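Protein chains in written order, with my numbering: chain A, 1 to 385; chain B, 386 to 614.
Mixed in with the good hints, there may be bad ones.
These stretches of chain B come out as covered by chain A in the derived footprint (C-beta under 8 Å, 3 or more residues) [said to hold, decoys possible]: (1) 389-396; (2) 434-444; (3) 490-496; (4) 581-595.
In case anyone wonders, no lab produced these hints; they're calculated from the structure.
Values in this document were obtained by computation on a predicted structure and should not be read as measured data.
Don't be surprised by glycine CBs; every beta carbon is placed ideally from N, CA and C.
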Amino acid sequence: MKYFRLIWSNAWRKKIRTFLTVLSVFVAFLLFALLSAIGFAFRGGVDVADAERLIIINKVSLINPLPISYMSRVAATEGVEAVTHASWFGGYYQDPRNQFGQFPVDPQSYFDMYPEFVIPEEQFEAFKRNRTGAVVGKELAESYGWKVGDRIPIQATIWSRIDGSRVWEFDLEGIFSNDDPRSSTAIMLFQYDYFEEAREFGKGTAGWYVLRVAKGADPVQVANAIDLQFANSPSETKTSTEAAFAQSFTKQFGNIALIVTLILGAVFFTLLLVSGNTMSQSVRERISELAVLKTLGFDDRTVLGVVLSESILIMLLGGLLGLGVGWAVVQGLTKQLGAFLPGIFLSPGAIAGGIGMMIGAGILAGIFPALKAMRLSIIDALARA
Amino acid sequence: MSDILARLKGVSRIYQKGKEKVEVLHELDLEIAEGDFIAIMGPSGSGKTTLLNLLGGLDRPTAGTVTVGGAELSSMSNSRLSRWRSTHVGFIFQFYNLLPVLTALRNVELPLLLTSFNARERVKRASIALDIVGLADRAKHYPRELSGGQEQRVAIARAIVSDPSLLLCDEPTGDLDRDTADEILRLLQVLNREHGKTIVMVTHDAQAAEYANRTLHCDKGTLEAKEAA
């Protein structure tokens, strides 16, 4: 710390140049924060996947439903502790831009399957009692300003009602939350029985099944047993872990992780060139000063450390500012886009990774100028001054 | 008779310039007593600065030994030599060589960063050094806000702040007008007489040399001692 004043003063020797370098670092880490958060949203399901939950979908595709009669057969399969089902409703609220996930479910078995969804007991009971009842996640309720007791009309894009209408109205009976900040609660759940009774087509089917593997049972064996059970039937199944399901779902949007990595790679490569150039110029300009420091007794390692610290300091200044602003923007995005793109989250892992990258980039940008400073011959440098 | 602070014995320094070898110092012997004030004069390229560099541990002799304060400099590692310089020797340059990004006080504090003194103690000692050179009121000024003479005083304060026994001055008045040069030389004389600093000063200026106790003439790599007039 005693060298901090020296390092700080040297870093701001050319104020405009340092400001521009800090600005470029700021932009790079702002982008890093935003892309990390969006990337997290796309792979969010993978990160929070429960290893003991398996998903059964139609072997043809997720769009093709499965007979509701599979429920009891799956439940009877050895190694299955519990099972529930859900379907994709695909509606919107008031405006086609207000899209979010709506799922007709069996309330009791669904909430048993997902204990991470926490709902007040009386609200849950009211939901179960009311056939047109619905519950929504806290994120969604905050997004649209909904409160318990509201009547919410959802315009269906797939499922028309028997009466030909496409407007489904629900009574909001409860709001659930999820303490895991990585998980989104921007969804709506309503009674499957109501959906089944009122829909015009597709009766007797469910979109997919979710099962919990019994303790001690091998998930792979359970998955194989289920798929074997329905082999050669009109609706063959494909059973996979929740993580694998989330991964394959994410891949429908393209390889987001690769895209994010490529963009960030290009940004950080440019950043290294910019900051490396700044440090090289900075060291070149003060060769004689570095020689004076060595004359005063600063040894090679101390000189190396002072120059490297300066490079890391510039990275941390811009980087922490970028991450900070990025975090604030992500908070705003969560409120604005939470329903459309749930799970936007700047994780502690991403923040730690970002800080690691700042230090790493600082070392990379500063190492060659620092080595040059370290190897400086005092006599040659003073003679040139 | 004073004790010997520095001793050069059979010192030669040969530089390789391309394919040519240039002998700057040739089997030089010199003893410097504690509390002495020596001026070294001579034409350019005669080896004056090389001699200063060897005494300050900035350079190593090709042959012979350099001993200062009982320490044999030629055998020290680079890092030990750095540590030794920080406590035993102060350097004063012709062009002051202050760090432009630091105030006078922070420039003077620099050698103390290498010590175990805490921040308060470092500032206290740097302030005392500035007071000794008469610049206590310029502590917060940057080098660009000081005159040449004031900059050199700050450089002198930096040289004495860690209380070294030996001060090495390379043309300390070479960039100053006569009156300012005389002020600086009187200050060096005070440091020599009242603070007991041993001073070796390289100069081209015969009037500057008169402030020293004795003058050595350096020519073609050898020294010729003459008592100052």
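Compare the structure with the hints numbered earlier in the document and write down the numbers of the violated ones, lowest to highest. 1, 4
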